[in-house]
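Line by line, the protein sequences give chains A and B.
Residue numbering for the first sequence follows the numbering used here, starting at 1306 and increasing by one per position.
Residue numbering for the second sequence follows the numbering used here, starting at 9 and increasing by one per position.
If you're looking for bench data, these hints aren't it; they were derived computationally from the structure.
Be careful, since some hints might not be right.
[Said to hold, decoys possible] In the DSS-like style, the derived pairs of lysine-lysine whose C-alpha atoms are separated by at most 30 Å in a straight line are:
#1 B/Lys355 with A/Lys1376
#2 A/Lys1414 with B/Lys311
#3 A/Lys1316 with B/Lys117
#4 B/Lys311 with A/Lys1316
#5 A/Lys1376 with A/Lys1405
#6 B/Lys311 with A/Lys1405
#7 A/Lys1360 with B/Lys355
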Amino acid sequence: MFLMIEIDSDKPIYMQIRDQVIEGIASGQLPPGTSLPSIRQLAADFGINLHTVNKAYDLLEREGFIQLRRKTGAVVQITPMLSDTWKERQRALLAEAYAKNVSSEEILKNCQLILQEFAEQHALPDNSQKWSEL
Amino acid sequence: MNAAYILMSLMSLLLVVFAWFWTSLMAKTLPFGVRIPPDRIDEPIIQHVYRDYYTGLIVILLLVEAAGWFFATSYNSLPIATTGGIFVTLLLIYLDFYSARRRIAQAKKSGNWYAGLRQVVMADISSNQQPAHISLLWFIPAFIILIAMIIVAIVRYPVLPQQLPTHFGIDGQPNRWTDKLVALWTLPLPAIFTTALLFGLARYIPQARQQVDPANPEADVAYQHELRHRTSQILPLLATMINLILLVISMITFGILPTSNVNAVVPVLMVMLLIVIIGIMVYLTRTITLRNQRQTRTQPNTKFVAQDDDRYWIAGMFYYNPDDPALWIEKRMGIGWTVNLGNPWGKVFIISVVAIILVSIGMRALVR
């Protein structure tokens, strides 16, 4: 699986890493038990500060997506509990669309499409990403 | 007209030829060390810059050859015609290169080539788990030859005369002699160093940083795997050949092969060395052209492009990025690695290299 970061993006790099790892888990590309590269390795691959990767991994661990291990790096391990802030963030996102007068049907349809996409990628045999469609 | 002038002409010619073919090692998205987005590789300005660079090289060659001829005939001045000629050639080639680089950088800046593109750094996190280590058993022949060399030195040491011939004239007669204790070390040491270096490289390469070109991630990953695999294959071969050459030299020096055979052995050694060098050149050029072909052949993903990393490259040559934990960085032009000057160990490395050079120059000056 590929991860990518935008150094000049407004979104902090650690959030970019976190979101992509979670998306990878959701779409089945990072099934439970998959090991992620060590903090040092990932930081070196991206050419970014160790603390940034550390922050992302820390957040992922606190939110219950990965388990940090001293020697081997990190392993995907999902605890069922959703994070406390998830509902808050969902609310804010939906409010954003609703405030702009996007109809409820369209919002729901969009949600459905995204969930469907995850399910479809799950079904792909080689877990390959389709970059051309991004 | 003398030998020095001919030598200088040949050296300058070689430098220019090298500067000419060196451009074919540049990735299409890195013309003269300036990062450009993949959809701009066919910009007319780049073709212009290439053409002017080649024209510049021809002018440099003619200029230097003419000046060298002038100094050699009118003043018969050896140092000016040789070292001066080579130095001036190098300087002019650099200026030619620098102006090409500057023009592309300016076109990129004024044309705002990166507008509307998302610059990303991409890494493959699945292949990192299993770095394709080559079997280090391939280094066994090199190690065996190395051990043989040390055994030869130790076994022959007591029976050798105090002074050994270490340098031979064109007539095959020794014209320089070395104390045998010095010879004992000076022959196996380079072999140990080169073997260790190549062995270290073969171990390090599979673990090196793996950044992926976001314009075409799958093809790039496949290419990088192939490159690493091939490089790890050629390294043990290289170590074996170098050690073999050094073994033959030490067998001559330590008197196992009679010195009367030197005339026959030296050409063989030269040919072996030449084969090694040509083999490496062919291998590297082939691999790089493969990369360039692949880059243009495949349909690039236009939304995401490799990050414009010019900001980390001082003068396009020195990498400085304190945030980057990597010590060794793949060069942008040519082949090999360079050191991250933003890394504390990188600073230590550069300072010690400069110190070693200064000390050895100082020592030479003192000895004289």
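List, from low to high, the hint numbers that the structure doesn't satisfy.
5
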